[in-house]
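Visitor: The chain contents come next:
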Amino acid sequence: MEVVPEAMDGAMKGQEARVSRQPGGSTLRLLRVWAKPAIGLAAFIGLWQALVVVFDIPAWKLPAPWAIGEELVASRALYLRHTWATLSEALIGFGVALFMGVALATLMAFSRAFQRAAYPLIVASQTIPIIVISPLLLIWVGYGLAPKVIIVVLITFFPIVVNVMDGLRSVDPDMVKMMRTLGAGRWRLFTKVQVPSALPFFFSGTKVAVTFSVIGAVIGEWVGASAGLGYLTRMSVPLFLTARSFGAVVILALMGILLFLAVALLERLALPWYYEARRAGALEEEGE
Amino acid sequence: MSTAREPESPPSKVALQGIRKEFAYKGRRLPVLDSVGFDVQEGEFVSIIGPSGCGKSTLLNIIAGLEEPTEGSLWLNGNLAHRPLGQVGYMHQKDLLLPWRSVLDNAALGLEVQGVPRAQARARALALTERFGLKGFEREYPFALSGGMRQRAAFLRSVLTGKDILLLDEPFGALDALTRAQMQEWLLELWSAFKKTILLVTHDVEEALFLSDRVHVFTARPGRISLTMEVGLPRPRNHDLVTREPFISYKAQLLTAIRQESLSAQEEPWR
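In the order they appear, the protein sequences are chains A and B. 894 is the number of the first residue of the first sequence in this note's numbering; add one for each residue after it. 103 is the number of the first residue of the second sequence in this note's numbering; add one for each residue after it.
Rather than coming from a laboratory, the hints here were simulated on the basis of the structure. All figures in this text were calculated on a predicted structure; none of them were measured in a lab. Accuracy of the hints is not assured; some may be wrong.
To be verified - Looking from chain A toward chain B, a few residues come up when the C-beta cut is under 7 Å (computed):
id: 1; residue: Pro1066
id: 2; residue: Lys1070
id: 3; residue: Thr1074
id: 4; residue: Ala1077
id: 5; residue: Leu1082
id: 6; residue: Pro1093
id: 7; residue: Arg1172
For each residue, glycine too, the CB sits at the ideal point set by N, CA and C.
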């Protein structure tokens, strides 16, 4: 009796892939994903508009959403100039933080001694009240781009360092053993296992950091600046140009959201294995 | 300790002499292996069974070069081996496939680590996917595969590195019974086709008997060989074997030995 080939055949046939990809339906899915936040936002704006109209709140106290929209359109050249200033501060600072954060995390993952020496300082840097040191920054580096970039870096490098370091250290010890028995040295272990397994962590940190970068730029402008949305807000409020300052806030919110979405999109493109596995897991849990 | 060997006979693929391993545990020296010695000849399939915690995996770690014995010596291919990392293939109960690599790229990983260019490594992996039951799944990520397929991909990774000694640490432990039986028969085919020397650690008596030329039974901690059984079952083997004589008597004999071991283990202060 030829059991061996039969069993082999059975082994091959019986073990088809567990997950079949879901075909089509992407437009519908997109609609389902976006419908709820859109309804929520519309309700919020509608309520706001209604309150202002019903209680006849003066525009210098609380402008109606419609008035803010009108201001955004009317002063678009002004907004564009200040948006550009804030965006460049945020992105330059974020870029520096990205480089610094990844470099520091890599050094700490490679050398426990360096980690011991540097980690307390890195954590301590987050306890520095930014409000306290920003006037000092003006004294040290002046009024230009530098103080804003420094504040953005200070705020944003932290989530990157912590996440990348955790990611580099998150490797399954058995995987390390496996690599060593294959003959891999420290460098191959780093490039082939540690870096790829740290990528999801890296993107988590980066999503937080890029959102914070906008806040950092605004704080920097608040202390001393001649351009930027933070500066614009600060100048508008004492002049009772409340709608103008609200317009700046709306743009800041949009900027944060868009930067976050841009990183999320990059993440999706860079980690197809991560998202496919997660979706497959979700499908299995639903019993499909 | 004598290292002299018969010059005429070919050297054993794996030879262990007086292996002892201690771990420091809460200020005490806890022995996990004691005076373990045996030989594995070229092309043999040898299994180690024993109660959990008997140091089976530690022994494989020593042969793979991941850990050093406290005492004793290890020879591979007739040469005294000191931390022989990268000299033997090692398979774990977990498949340890990298989730971001496709099946093909996972299989090629060992070759890449050896410095083989990626394209060439992939081509060599691709040539064997059919034999490993992975045809058509080369581009899939590991999560999309069944446990048996994942374990076969891990086997392919080990086999491709060209190491002729394979250490298997309960490689089918996580699989369901049916898949495990199929994988065992598949492994025997692979073993004879690729002329590997295999040392398997398991706590499944039937698996050890079905696969091996020789079975070593380990005592509870510290692990020592309490019984060595030559398995005289004819090859090639298939699973019809396991319900017939003499398999059943072999199995009864082994189970009795293990039961005695686990009884004496309960009196040990360690467990």
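Visitor: Failing hints, ascending?
Guide: Hints 1, 5, 6, 7 not satisfied by this model.
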